[in-house]
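Colleague: One letter stands for each residue in the lines below.
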Amino acid sequence: MLGVLRGMGITLKNFLASYVLPRRPDSLETGGIVTVQYPEERLPEKENFRNFPFLVFDGTVDNIRCVSCDICAKECPPKCIYIVRDTDSEGKPLKRPKVFDIDFTVCMNCGICEEACPFDAIFMDHEFEIGGPERQKSLVYHRDDLLKSTAHFQKIRPTDFAAIEERRKKDAEKKAAAQATVQAAAQPKPQTPPSPQP
Amino acid sequence: MSPLVLLVKTGIYLLMALSLLAAVGVVTFRNIFHSALALAGTLLGVAGIYLALRADFLAGVQILLYVGAVVTLILFAIMLTHRLGDPTIPQANKQSGPALAGLLILAALLGSLFLKTNWPVSEAALTPVTVRVLAKALLGEFVFPFEVVSIVLLAALIGAIVIARKD
Amino acid sequence: MDPIFVNSKKALLNLFSAFLPDWTVVLVSIFISIGAIMVLGPFTMMYLTWFERKLLGRIQNRIGPNRVGIFGLLQPIADGVKMLTKEDIVPEGADKAVHLLAPIAIVIPSLLVFSVLPFGRNMTAVNLNIGVLFFLAVSATTTLSIFMGAWASRNKFSLLGGMRSVAQLVSYEVPMVLSVVPVILAAGSLSTVDLVESQGGWNGFKWFVFTPWGFTAFITFYLSGVAECNRTPFDIPEGESEIVAGFHTEYSGMKFALWYMAEFMNVFTVSGLTAVLFLGGWQGAPGLPSWAWFFIKTYALVFVMMWFRGTLPRLRVDQLMGLAWKFLLPLTLVNIFVAGLWFFIPDLRWRVGTAVALLGLTFWALMALNRTALPEKRTYEFAE
Amino acid sequence: MSPPVLEKTFQASDPVLQDTETFEVNLGPQHPSTHGVFRMNVKLEGETIVSLKPVMGYLHRNHEQIAENMSYLGSMPYTDRLDYFNSMSNNFGYALAVERLAKIDVPERAQYVRVIMAELTRLVNHVSVIGFLLNDLGAFFTPVLYAFREREKILDVFEEVAGSRMMCNYLRFGGVKRDLTPAVTERIKKIVRGFPKFLDEFEGLLTRNEILCIRCQKVGVLPYDLAVNAGITGPMARASGVNYDLRKVDRYSIYDRFKFKIPLGKIGDVYDRYLVRILEMRESLKILEQALKEIPAGPVMNPKFAALAKAPRNFKPPKGEAYGRVEAPKGELGFYLVSDGTAQPWRYHVRAPSLINLTVLEDLCLGHKVADAVIILGSIDIVLGELDH
Numbered sequence: 000m001l002g003v004l005r006g007m008g009i010t011l012k013n014f015l016a017s018y019v020l021p022r023r024p025d026s027l028e029t030g031g032i033v034t035v036q037y038p039e040e041r042l043p044e045k046e047n048f049r050n051f052p053f054l055v056f057d058g059t060v061d062n063i064r065c066v067s068c069d070i071c072a073k074e075c076p077p078k079c080i081y082i083v084r085d086t087d088s089e090g091k092p093l094k095r096p097k098v099f100d101i102d103f104t105v106c107m108n109c110g111i112c113e114e115a116c117p118f119d120a121i122f123m124d125h126e127f128e129i130g131g132p133e134r135q136k137s138l139v140y141h142r143d144d145l146l147k148s149t150a151h152f153q154k155i156r157p158t159d160f161a162a163i164e165e166r167r168k169k170d171a172e173k174k175a176a177a178q179a180t181v182q183a184a185a186q187p188k189p190q191t192p193p194s195p196q197p
Numbered sequence: 000m001s002p003l004v005l006l007v008k009t010g011i012y013l014l015m016a017l018s019l020l021a022a023v024g025v026v027t028f029r030n031i032f033h034s035a036l037a038l039a040g041t042l043l044g045v046a047g048i049y050l051a052l053r054a055d056f057l058a059g060v061q062i063l064l065y066v067g068a069v070v071t072l073i074l075f076a077i078m079l080t081h082r083l084g085d086p087t088i089p090q091a092n093k094q095s096g097p098a099l100a101g102l103l104i105l106a107a108l109l110g111s112l113f114l115k116t117n118w119p120v121s122e123a124a125l126t127p128v129t130v131r132v133l134a135k136a137l138l139g140e141f142v143f144p145f146e147v148v149s150i151v152l153l154a155a156l157i158g159a160i161v162i163a164r165k166d
Numbered sequence: 000m001d002p003i004f005v006n007s008k009k010a011l012l013n014l015f016s017a018f019l020p021d022w023t024v025v026l027v028s029i030f031i032s033i034g035a036i037m038v039l040g041p042f043t044m045m046y047l048t049w050f051e052r053k054l055l056g057r058i059q060n061r062i063g064p065n066r067v068g069i070f071g072l073l074q075p076i077a078d079g080v081k082m083l084t085k086e087d088i089v090p091e092g093a094d095k096a097v098h099l100l101a102p103i104a105i106v107i108p109s110l111l112v113f114s115v116l117p118f119g120r121n122m123t124a125v126n127l128n129i130g131v132l133f134f135l136a137v138s139a140t141t142t143l144s145i146f147m148g149a150w151a152s153r154n155k156f157s158l159l160g161g162m163r164s165v166a167q168l169v170s171y172e173v174p175m176v177l178s179v180v181p182v183i184l185a186a187g188s189l190s191t192v193d194l195v196e197s198q199g200g201w202n203g204f205k206w207f208v209f210t211p212w213g214f215t216a217f218i219t220f221y222l223s224g225v226a227e228c229n230r231t232p233f234d235i236p237e238g239e240s241e242i243v244a245g246f247h248t249e250y251s252g253m254k255f256a257l258w259y260m261a262e263f264m265n266v267f268t269v270s271g272l273t274a275v276l277f278l279g280g281w282q283g284a285p286g287l288p289s290w291a292w293f294f295i296k297t298y299a300l301v302f303v304m305m306w307f308r309g310t311l312p313r314l315r316v317d318q319l320m321g322l323a324w325k326f327l328l329p330l331t332l333v334n335i336f337v338a339g340l341w342f343f344i345p346d347l348r349w350r351v352g353t354a355v356a357l358l359g360l361t362f363w364a365l366m367a368l369n370r371t372a373l374p375e376k377r378t379y380e381f382a383e
Numbered sequence: 000m001s002p003p004v005l006e007k008t009f010q011a012s013d014p015v016l017q018d019t020e021t022f023e024v025n026l027g028p029q030h031p032s033t034h035g036v037f038r039m040n041v042k043l044e045g046e047t048i049v050s051l052k053p054v055m056g057y058l059h060r061n062h063e064q065i066a067e068n069m070s071y072l073g074s075m076p077y078t079d080r081l082d083y084f085n086s087m088s089n090n091f092g093y094a095l096a097v098e099r100l101a102k103i104d105v106p107e108r109a110q111y112v113r114v115i116m117a118e119l120t121r122l123v124n125h126v127s128v129i130g131f132l133l134n135d136l137g138a139f140f141t142p143v144l145y146a147f148r149e150r151e152k153i154l155d156v157f158e159e160v161a162g163s164r165m166m167c168n169y170l171r172f173g174g175v176k177r178d179l180t181p182a183v184t185e186r187i188k189k190i191v192r193g194f195p196k197f198l199d200e201f202e203g204l205l206t207r208n209e210i211l212c213i214r215c216q217k218v219g220v221l222p223y224d225l226a227v228n229a230g231i232t233g234p235m236a237r238a239s240g241v242n243y244d245l246r247k248v249d250r251y252s253i254y255d256r257f258k259f260k261i262p263l264g265k266i267g268d269v270y271d272r273y274l275v276r277i278l279e280m281r282e283s284l285k286i287l288e289q290a291l292k293e294i295p296a297g298p299v300m301n302p303k304f305a306a307l308a309k310a311p312r313n314f315k316p317p318k319g320e321a322y323g324r325v326e327a328p329k330g331e332l333g334f335y336l337v338s339d340g341t342a343q344p345w346r347y348h349v350r351a352p353s354l355i356n357l358t359v360l361e362d363l364c365l366g367h368k369v370a371d372a373v374i375i376l377g378s379i380d381i382v383l384g385e386l387d388h
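Chains as they are written, first to last, in numbering that gives the first Met the number 0: chain X, 0 to 197; chain P, 0 to 166; chain R, 0 to 383; chain C, 0 to 388.
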């Protein structure tokens, strides 16, 4: 009897408190209404939140970082990435994807593609409202749908962006330095003539 | 006769007709569940007739006990014994002959009572049986039969418990 | 303010009597009353669903419906439209006629009982001199409809729900009727109007709930009433987590809405009758009109029912029966005796003393007798 | 030939006449309280259960076979989906197994982070399970929503550190994916500070509630012997008095550093299972407090294996086998791995606590009512993702 009454007291307290106490996010601490009225109200996005992946480009859309090395497609646990390497007019393979499809019906947002990518070309997005009118075609995202600028990446994940940019810069410097030493070492020697084609 | 009285009378006759119809249904429906429902309909109709005869209390008790409890128990029994609910099982058996005989005797008995009773013809001769009057009669003049009935019911109750007990 | 409804009906009747024959005026009067109830019943149901959802939402730190109209006030209408446009599914093996009849049959008694509720001074549709009995008798027939629905669905969950429902309703009918007896004893009448009038008025606290037997009867009646309405913690006939939806598992669309309507109207009428029997009905402080008092009291009781729903888990079938037969029934029986003594002993102190002592003793004895069914304290070891 | 049954004359004592008809009901696969697509084939006599056969496999997704065709790291996000309430514990178990297989050391800070996450997961699981149990008991969502209010805070933390609320995929072989920022540590501290208050409220609503008590006490009693013989683990075993908690028994990770106790029930009914969970949460809070106080600074990833995440295909543990097990909120969660020296495990096996704890369902339910079967199932605490892996 007393236990029931005590429980009733607790629910009554919650009932009354819902009229007095503040709403989210304070209500998580104090009690009170915790509902977020979704389309109008949104919770602040967490920086590390990961959802579906996107491809980054530097500056312009032509400058895709992806070199279509196919590592992400191989590592992807549910195998939702499909890549075809682009070729130039003569059929020589180019370092960029011609087709880069991600099937979001299969993707499970694990973020392994992002971890595996050696070129910092694919990252996890914050976009989660991707509903479509049907369940197959509209959820297969193609290369152009997936492309987003580095500015977007900087906007959604500033900390990661800064760290990655710094590393990239260092890598680039190292590469430049290495190249310089290679060139410096190569310079005094006379240029070997290209071997004649057989 | 004012139209209102006519309306009321029509209503009563309609009620009677419906309860008779339901009563016919009780014995003719092939599905025992439907029969039981028709029985409930009949009892409700009878309660309506009581109400029309200004026996409010009787009508209330009729609904409470017969519709609310007795029919419910019948339905409960039907539901617990699965196969009775099967519509393919015939509801008639070989005892219809003796049953008809019993019915005729009962009808004769009731008919003789019907003829012997001195029915009041005017409304003024009717003493309104209110709950108060009924209560006074039950606990005053007829207290002995009332208590006897109570004891019989108590005995039935105890008997039921004894039978139902497993050990 | 008080006789506003009564006067408006009178005005309407006067208007009609100017050009209609006398006997039709009687009919019109009846139809006005019926019409008022027919509007009030479904309207109450609609807004009770809204009320319940809002209230439960608040209890659970949610907002509740708030999208359709301000404060979600149009939500019931939206629900109604949804129900109406939903496909009406009748199971293959169902008994089609009974399946159709059951939800209709359950709404009728729920609406009928409105007719004896005194909504305010002179605001009873029919002042039957067996009002309370009528109420109890008519609401007893809901069992039949639930049974019809359960049986006609040809679904095992429905059947289980139906059986549970019947066992429950028949059991709780008994303490419910018995707990009304002391009140009838005190008022000397079965008419709901007389019952309200015998509870005096605000001054002197003549409500029956303020007497020891009245209080006991109030609790037992209200609990049985909650059980009669199939509400938590006695909602085993439709216990969602166990038997899906009980007797109305196989109903959809408007038929389902009718089951719901009956349930919510029962909630309202049982609360209303509790208010009439124990809380003085429309009696109250003169500041507010009588009908306002009635609705305040009724809705307070409705609130408690929904509050139960927001707090309590449900009982098991056997425990439910145990509560009715092993606890409520003896208590109500003793309570009748106590109420009898109350009117027999002239001295106020003595009668209060005897009543409290007897009821307390009974309560204690019943607790002691049922101690195997009561919770036990547990201790726990802690291993390193 | 006439059927012989008709020839037989029945005695009143004949069991055929005394027994009422049994009634077969399928609870599930679509049923409000089977916690997913699970079916119980129940034979009833009146409302009393005379036979109960669990039918599972509706959510079977070839988990083990998939993992055997995948890089070691690639299975990590799949383990999230085993028991989708406690992805952190699942990650923990799998990471332990792989670390044992490949002999990877885990830095100090990462160990602490793992323990903190595992214990937070335990809180999440236990509050939700109790909430759902109450729903099975017929409470209309109130306890669940109170529990979810608390769970929300913890899930927010998970989202912040791991990027996802439920499918965390947070642990890596040799550490964790991302360090805790000071802000997150503060938040966890705040949650741990505030949790006892919530638990008190929750218990006030439930523990002494007479309806809950009479519904749960002496229902679904799991005796000590049966619990041991059937290999029951987790809170369910402990409610029956089996002192078996891997955190004490196995002393994996750094659990030997913390002071905490194991609550043990005496009877092993639904009520004990409920209260043992509550008490366990209080003990978890003690672990969390200690861990948050002692957590050192430092790296969260073994630098030798940091590069591993960049190329999961190149991770080839030496030939051998390993069994990693953790005290998941539901019981002993074990991962058995056999490596043949390639990038894919040769054998991958999950010992799912839900599955093994469920084996006693029939023993617990016999003789009880349908309503009890539902709460017994609720108190066993199954998650179909794990059951049907």
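In short, the hints are calculated from the structure, not lab data.
Wrong hints could be hidden among the right ones.
Unchecked claim - Listed next, the in silico DSBU-like pairs over lysine-lysine satisfying Cα-Cα at most 30 Å (straight line):
| no. | chain 1 | residue 1 | chain 2 | residue 2 |
| --- | --- | --- | --- | --- |
| 1 | C | LYS196 | X | LYS12 |
| 2 | C | LYS303 | X | LYS173 |
| 3 | R | LYS376 | C | LYS285 |
| 4 | X | LYS78 | X | LYS147 |
To be verified - Estimated spans, in silico, between C-beta atoms of each pair:
| no. | chain 1 | residue 1 | chain 2 | residue 2 | range |
| --- | --- | --- | --- | --- | --- |
| 5 | P | THR27 | R | ALA35 | 37 to 45 Å |
| 6 | C | ASN40 | R | LEU83 | 33 to 41 Å |
| 7 | P | THR27 | R | SER7 | 49 to 57 Å |
| 8 | R | GLU380 | P | ILE162 | 30 to 38 Å |
| 9 | C | ALA182 | X | LYS168 | 25 to 33 Å |
Just so it is clear, CB atoms sit at the ideal spot from N, CA and C, and this is done for glycine as well.
Colleague: All hints, please: hold or fail.
Modeller: Hints versus structure:
no., hint, verdict
1, LYS196(C) - LYS12(X), "14 Å, holds"
2, LYS303(C) - LYS173(X), "22 Å, holds"
3, LYS376(R) - LYS285(C), "25 Å, holds"
4, LYS78(X) - LYS147(X), "22 Å, holds"
5, THR27(P) - ALA35(R): 37 to 45 Å, "41 Å, holds"
6, ASN40(C) - LEU83(R): 33 to 41 Å, "38 Å, holds"
7, THR27(P) - SER7(R): 49 to 57 Å, "50 Å, holds"
8, GLU380(R) - ILE162(P): 30 to 38 Å, "47 Å, violated"
9, ALA182(C) - LYS168(X): 25 to 33 Å, "27 Å, holds"
Consistency with the previously given hints fails for number 8 only.
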